[in-house]
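Respectively, the protein sequence lines represent chains Y and Z.
The numbers in numbering that gives the first Met the number 0 rise by one with no breaks, and the one at position 55 of the first sequence is 54.
The numbers in numbering that gives the first Met the number 0 rise by one with no breaks, and the one at position 129 of the second sequence is 128.
Just so you know, these hints were derived from the structure itself, not from any lab.
One thing to keep in mind: the hints can contain errors.
Covered stretches of chain Y (chain Z as the covering partner; in silico rule of three or more C-beta atoms under 8 Å from a C-beta of chain Z) [unchecked claim]:
| id | region |
| --- | --- |
| 1 | 44-50 |
| 2 | 127-141 |
Not everything, but these chain Y residues come out facing chain Z in the computed CB check (under 7 Å) [claimed, not checked]:
| id | residue |
| --- | --- |
| 3 | Cys-11 |
| 4 | Gly-59 |
| 5 | Tyr-61 |
| 6 | Arg-63 |
| 7 | Ala-65 |
| 8 | Trp-70 |
| 9 | Ala-73 |
For each residue, glycine too, the CB sits at the ideal point set by N, CA and C.
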Amino acid sequence: MTDARTLMTKYCDGDPASFRELYALLAPRLLGYLMRMTRDRTTAEDLLQQTFAKVHRARGAYVRGADPAPWIFAIAHRTFLDDRRRARRGAMLTDHGDLPEVAAALSGEPADVAAARAEIDIAATRAALAALDSLPAPQREAVFLTKLDGRSVAEAAEIAGTTPGAMKVRAHRGYVALRRLLGGAP
Amino acid sequence: MTIPPIAAELEQELARLSPVTTRRPVRQALLAGAVSLVYAAIVLAVIAVRRELADLPRLWLVLYLGAWLAGFAVPVWFALVPRPGGMLPRWRLAGAIAAVSAVGFVVAGLLVPRSAAASLHLGLDYAHQCLSLGLVTAIVPVVLGTLLLRGAAPVGSRVTAAALGAAGGSLGGFVLHLHCPIADGIHVGLVHGAVVAVAALLAAALVPRALRP
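Isolated chain Z (complex conformation) (with noise of 0.2 Å):
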C-alpha cells in the first residue's frame, strides 16, 4: 500500500521539533491527590469544622471520612494511571466506580444519618450553600485532573470526566461532611451526596474536549 507522505505542515513542525516532558502517571495521581488534600484543608480552614464534630459517633465518623476519601481517590487513580504497559485511562473502571459513589453517598446519607446533641436539623435548609461549597471544593480536583490528562484521552474522554467530577465531588462531600452541622439524613444524602452526581455531570458536559488530543 502506498503511504501519502508527511503533511507540508507538520514537516514544518518537525523542523522545529523540541523535546517534550511525558506523562508519569502515578507521579501525577499522587500530586493531583496531594494538592487537592492541600486545597481542600485551606477551604476547611476557611469555612471552619463543623462545632460538634468530637461529639459525633467515633467509628461513624471514621468510616465516612474514608469513604468520602476513597470516593475521591479511586476515581482519580483509574483516571490517571493506566494498565500496566498502556497509555489510556482506565475510563471504564474509573466511570463505573464514580457511578457506585454517586448513588452510594446519596443512599448511605439518607440510610445512616447520625447526629451529635448541637447537631442541626434543618432538613434541606441551606442546600444552595452546601451544594455550592461541595462544587467549589471539586473545582481543584476536576481542572488539575484535566490538565494532567490533556491530549491522553482520545475514547471514553466524557467518562474519565465524568469520574474526575465525581472525585472532585467526593472531596467536596468529604469538607461538607467536617464542616456542616446538619444531620438529616435528608440533608446528608440528598445535598452532600448529590454535589458527587452533580460534580460528574458538569465535568462530563464542559471537560471531555480538553482530553482529547
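Isolated chain Y (complex conformation) (with noise of 0.2 Å):
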C-alpha cells in the first residue's frame, strides 16, 4: 500500500482517489482513537467525518515530503476537544434554572449513551478496553496513542498539544490505572 505522504501529496495535486486511499489508510486508526476518546461509535464516526472534511479544507496546509498522520491525529484531538466543550456548554442549566433532564439506564449512564455502547461496544468487553474505557480522557488518549496506536511519546505529545515530559507522565498514570483496574500489582 502506498505510504500516507506520497497519498497525501497526490491528493493535494487533485487527485480524489488518493484521497479515498488516504482515508482507507487512516480512518480505521483515527476511528479507534475517536472511539476510545469518545466512547461511543456514533459520535466516533460522526468526528471522524469532521476530522476528514477540515483536513479536506485545509489540505493547502500540507508541506510535501511530510508525515500528515500527526497533522490529521491532531486535527481528530482538536475536533474531539470542540465537541466535548460544545456538549459540556449543552448540558448546562436550562432557561428555567433546572438542569436538563436526561434518560437514564439500569446503570445510571444516559439511555442513549447506554444503549448506543450496548449495540456497538462489542470489543468493550474485553477487560483491558473496558478499563482503558474508565481512565480520565488525557490518560486514555496518552495510553491510546502510545501503546495501541504505536506512536512515539514525542509524536503523542504533538498530537495531543502538550509537551512529552506531560505525555510520558499521563501515560504512566494511565499505564498504574489500568494495572490497578485490571487487579495487578500498582
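If you follow the hints, you should be able to join the two separate chains into one complex; please do so.
Below, the structure is given as C-alpha cells:
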C-alpha cells in the first residue's frame, strides 16, 4: 500500500482516488482513537467525518514530504476537544434554571449512551478496553496513542498539543491505573 | 473494524477536486521576514529616524537592534518552519522564545538605557503614541504569519499566535528604537518592551481560530 506522504501529495495535486486511499489507510486508526476518546461509536464516526472535512478544507497547509498522520491526528484531537466543549455547554442549566432531564439506563448512565454502548461496544467486553475506557480522557489518549497506535511519546505529545514530559506522565499514570483496574500490582 | 463511508458532502467536493498549492515553510518564512522588514522600513520612512541616532553608543545600538531583529525573526521561523519531516508549527519553542523576549526587552530597557546629548528624558510621556506605533508595525507580520499558517495548527494555535504577536511586537520595538528619542530606561523598558507583550496577548486572543483547520 502507498504511504500517507505519497497519497497526501497526490491528493493535493487533485487526485480524489488518493484521498480515498488515504481515508482507507488512516480512518481505522482515527476511528479507534476517537472511539477511545468519546466512548461512543456514533459520536466517533461523526467526529471522524468532521476531521476529514477539516483535512480537506485545510489541505493547502500540507508540507510536501511530511508525514500527514500527526497533523490529521491533531485535527481529530482538536475536533474531539471542540465537541466535548460543545457538549458541556449543552449540559448547562435550562431557561428555567433546571438541569436538562436525561433519560437514564439502570446502570445510571444516559439511556442513549447506554443503548449505543450495548449495541456497538463489543470490543469493550474485553476487560482491558473496558478499563481503558474508564480512564480520564488525557490518560486514555496517552495510552491509546503510545500503546495501541504505536506512536512515540514525542509524536503523541505533538498530536495532543502537550509536552513530551507531560505525555510521559499521563501515559505512566494511565498504565498504573489500568494495572490497578485489571487487578495487577500497583 | 468497519469504517463508515466518506460523507456525502465530502464526496461531492471530491468530485470537483482541484490541485492546491501546498505550504513551503522556508520560502514562507523568508517571505514573511522580507515583507515585514520592508513594511517596517516604510513605517520608519514615514515617521522619521530619531535625530540623535548617530550620537548613540555604536556597539549598544547595534546589539540592541540585533536583539530586536532576533526577537522578530526567531519566533517567526519556529512558528512557520516545522521540524524536518513534520508539518506542525514548533509552537512550544516559538512560544518559549517569545516569552523570553517579552520579558527580556522590558528588563534590558530598564537596566541598560543609553542616551546621547540630544536624547529626550520624558519618562512615560508619549507612552500611548509609542505603544500604538509599535502595534501598528506588528500588524503586518501577524496578519501575514496568520495567512501563511492558516489551517496548519490544530494544536498549540494560541501559543503559535502569541509567538507571531511577540515577533511583530519585536519588529515594532525595532522601529521604535530607531525612531523614539526618549532614552529613559523606564520608557524604553516599560513602553517599547511592553509592545512585545501586548502584541503577543492581542494575537493570542484574536488569531488562534484562523490557525486551526
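Comparing the hints with the structure gives:
no.	hint	verdict
1	44-50	holds (count 3)
2	127-141	violated (count 0)
3	Cys-11	holds, 5 Å
4	Gly-59	holds, 4 Å
5	Tyr-61	holds, 5 Å
6	Arg-63	holds, 5 Å
7	Ala-65	holds, 4 Å
8	Trp-70	holds, 5 Å
9	Ala-73	holds, 4 Å
The structure does not agree with numbered hint 2 stated previously, though it agrees with all others.
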